[in-house]
Structure formats: C-alpha cells, structure tokens
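2 protein chains.
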Amino acid sequence: MISVIILGAGNIGTHLYKAFKNAENSTVNQWYNRSIKTINKYKNEVDITDDLSQLKEADVYILSVSDEAVAAISKALPFENRLVVHTAGSINIHDLDRKNRRGVFYPVQSFTKDADLDFSNIPICIETLEKPDYHILKSLASGLGGPVKKVNSNQRKVLHLAAVFVNNFSNQMYRIAHEIVESEAAEFDLLKPLIMETARKIQDMSPYMAQTGPAKRNNLKTIKKHLALLENDQHKEIYKLITKSIQDTHGR
Amino acid sequence: MISVIILGAGNIGTHLYKAFKNAENSTVNQWYNRSIKTINKYKNEVDITDDLSQLKEADVYILSVSDEAVAAISKALPFENRLVVHTAGSINIHDLDRKNRRGVFYPVQSFTKDADLDFSNIPICIETLEKPDYHILKSLASGLGGPVKKVNSNQRKVLHLAAVFVNNFSNQMYRIAHEIVESEAAEFDLLKPLIMETARKIQDMSPYMAQTGPAKRNNLKTIKKHLALLENDQHKEIYKLITKSIQDTHGR
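Quick note, the sequences are listed as chains A and B, same order. In case it helps, our numbering puts the first sequence at residues 4 to 255. In case it helps, our numbering puts the second sequence at residues 4 to 255.
There's no promise every hint is true.
Chain copies aren't distinguished; within one or between two, either way the pair holds.
[What the hints assert, rightly or not] With a straight-line cut-off of 25 Å between C-alpha atoms, the simulated BS3-like cross-links for lysine-lysine are:
#1 K21 / K44
#2 K224 / K78
#3 K228 / K78
#4 K228 / K239
#5 K141 / K195
#6 K195 / K219
#7 K21 / K195
#8 K239 / K219
#9 K219 / K243
#10 K78 / K40
#11 K195 / K153
#12 K24 / K153
#13 K153 / K228
Please keep in mind that the hints were generated in silico from the structure rather than gathered at the bench.
Chain A extracted, bound-state conformation (with noise of 0.2 Å):
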C-alpha cells in the first residue's frame, strides 16, 4: 500500500485525490489545500488541512498547485528527503526543492473539474531522479489502471505542448465551426459525429494518412468558395494558414 499527500485541490489534485482513494494499491493519509475551504466538504473521509507545518509522513507528496506555485511550495515543506513529485507538464523536475527526494507524475490529460474522468485511459508520465523512487511512482501510477511511460523533462515538455494542440487548438477548431453555422441557423449538432470520426480515425491511422478534404486535394476551387464564406477576418487568417500548413505537409 503507497501512502500519498495531496497539496493543492485544483481540477488536477481533485481528481488525483478521487482516484487514488478508490484504487487499491494507495491510500490518502491528508489533502492539503491553501484555502481549507475547497476541501472542507472532505473531512469526513480524509484528513485535511492548511496547515504546511501539520503535514503527516506518506511515500509520496503530490504538488497539484499552479505551475508558478511548485518551487515555493517544495522549499516551505517542513521536512527533508521524502519522495515529492509535481503533476505538471512544463515545470522542470529540478524546479522541485532539491532537499526532498525528486520526481514528475504527469497525467496527460486535461481535467475539468466537474467531469468524472476515468484514469484507467489516462497515459500516467514518470520522470524521477533515483531509480527506486520510479519503481515507486510506477506502482503508484498503475494502481490507477492506465499506461505508464518513463518519459524525460524534453519529452515531457513537448508532449505538453503537443497536447495544447490537440486539445485546446482542436476544441477552438470546433468553437469557430460552431459560429460558423450559427451565422445561417445551421445545427452545430451535425458536425458531432463528424468530429467523432476525426479522433476515432487517427487512433489507429496517423494523421499524415487520415488527411482528406479542400487543402490536401488542392482544390482551389473550394477554398476560394469557402474564403468568400467567412465573414470574420480572423478565421479567414486561420483558414487560410492551416490550408497551407496541410498543402506543404502534403508536399503540394
């Protein structure tokens, strides 16, 4: 059984509470929070506090606070040579206080607080300084049921940033289709098992083979029709950068 300590109560550390209490491998022996009042309604089923000079002993400190919040947080720790881990994907593993032991548990994700997420689908990245803290958070991290990677601070950053694309930049693609339909009363509706079957494609085809459509054809035709459509100027850049993006991926 791996203890852990919870600090912080964002989306992130929610959820990372949630899931460690209910697999069976780990338990939760305290959640801290900066404000006790996020994590009062928890007080039944677990030990909080605000307190960081109150913090109990466990195998691992789980910091799920802000990305500019994770050095402060490591150096007030009141203890030393404990096995500290943060969950974000652009801090470096040396940004950690140096006099705990260090590491990174980075779910590849991204958290909505109300949403119930189901962590046995959710790849779990390590990255440790000491070997026998790994085999530590490897356990820790398949107790949760999904994939575990050994993946370093540049593999880790990058995959953070590719996230950015495929998550926030996808979604903002279906944001500006939404009001593109909206403008003629069209229902937003018939595009969701369109957008369905675009992420389901690459699951099993990379994104080079699962490209179709206007830009890789190189149908002119239909992207000038489409420019003269798009009334707002900033979605035409968009439209237009993208094509291009596609047309040289596809070496037209």
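Fit chain B to the supplied structure of chain A, relying on the hints for placement.
Leaving out everything else, chain B in the frame of chain A:
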C-alpha cells in the same frame, strides 16, 4: 422500395452503393462510372455501365462525382423530369440541369474508401425544390438509419465549411502534434486518449464551455515557453494565431 442509380465510384459513391444495397427500403438498379474498370468487381451483384445512354429507370439518380463534374453530367443525362440529386456540400442545387427534378443528398462525414462507415451515425442533409421530392429523399435517407435534416443551400455551405474546420483542420492539429512529439522521440500514442476525450467532451458541452489551457487562462509564461520550444516557424505562427483566437473568444 425506392430504386436508385448511383453515378460515380469515388469515396462517397462507393459507400452509398453499399449502404443503399444493404438498406431495407432501397435497391440499387444500376451503377454508372466513367471508367468501368473501377466498378468491374461489382458486376455480379449490380448492373454496371460506363455509358450514360444506357441508364435505366429509377426513382432517384445520385450524382456522386467531383464538384466540377456535377453540372456537366446532370446536363448529359438522356432523360427529363426524373429526380436527380448530388451529394456535394459546396455545390448549389441549381448547378444541376433544370430538365430534371433536382435535389441534394449531403452526408456530413468524411469518407475514406477503405474504412468501413456506419451510416446509422451519419447525418444526411436534404434539399429539394419540390415537396414530394423531399419526401422521397427523406424516406431514402431514413433507410440508412441516421438523422435526416432539411437544410437549405446556405446552411449546407456553412456546414461544409465548418466540416473542414472540425475535420481537416483538427486533423492537422494532430499532425503537428505528431511532428512535435517525434522531435524528442516521445510517443504520439500518449496523446490519443486526450484526442478522444476532446471530441467526446463536446458531444454534450459547447466548445466554448469545454475550452481549457494556457490561452484561455491567459498563462503568458506557459505560452512563452511553448513558443520557445517550437522550432518550425509555421507551427509558431499557428500557435500564436489560434492562441489569439482563443483569447478573443474568452475575452482576454
């Protein structure tokens, strides 16, 4: 039973042939293609031809040809006053020759020839000039099992444009992500659950509500880090433009 004749054997034509053949309320009387070779392997299950003058009778003639060919082929048809429809998102219903009754039968999906498609999940957008023809097409579309929508030409055009955003442009986001992670020998597979979740999330939440990430939070430090990581100038430009678009959408 509604009898159809398919003209064209591209991706849409081939998928529609199989779908109408298997549907309970339709039958395929004939399949025309400019090059008989493409459809020769189907000759034991359907009448095939490469000669417009040999076209039989049917309730509906479905032109699944390239956008550019719609007008010419509809003009070349050797009969009048029959129901002729095209399947193109961006082509006007009036591009069909007026000697026949005209309609549009537009499936909102991206077709790849070899991938099997479940039509029960594909919305069909229908447009006709006459009401009785609408009922024929509605019945024909319903037989495929998916949602059927009456959609006018302007709505269909914006749907086709929006489909490029959610399908081709999202797929290019996946492609860029692929390039980014490969630059550090990280695994694109680690992003696949996030890609599915991003698409799944907007099935019951607006893209506006579903947005997360550094652009929405206006996390300038992370945005700066990401831009510094990007080596490809075009990727940098895309990152900046879509980040700006998200910031504008969310009032930053």
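Going down the list of hints, with the structure as the test:
{"no.": "1", "hint": "K21 / K44", "result": "within (13 Å within a copy, 56 Å between copies)"}
{"no.": "2", "hint": "K224 / K78", "result": "between (60 Å within a copy, 21 Å between copies)"}
{"no.": "3", "hint": "K228 / K78", "result": "between (58 Å within a copy, 23 Å between copies)"}
{"no.": "4", "hint": "K228 / K239", "result": "within (12 Å within a copy, 27 Å between copies)"}
{"no.": "5", "hint": "K141 / K195", "result": "between (37 Å within a copy, 21 Å between copies)"}
{"no.": "6", "hint": "K195 / K219", "result": "both (22 Å within a copy, 23 Å between copies)"}
{"no.": "7", "hint": "K21 / K195", "result": "between (30 Å within a copy, 23 Å between copies)"}
{"no.": "8", "hint": "K239 / K219", "result": "both (18 Å within a copy, 21 Å between copies)"}
{"no.": "9", "hint": "K219 / K243", "result": "both (13 Å within a copy, 23 Å between copies)"}
{"no.": "10", "hint": "K78 / K40", "result": "within (24 Å within a copy, 73 Å between copies)"}
{"no.": "11", "hint": "K195 / K153", "result": "between (35 Å within a copy, 17 Å between copies)"}
{"no.": "12", "hint": "K24 / K153", "result": "within (24 Å within a copy, 50 Å between copies)"}
{"no.": "13", "hint": "K153 / K228", "result": "between (47 Å within a copy, 22 Å between copies)"}
Of the hints listed earlier, there is not a single one the structure fails to meet.
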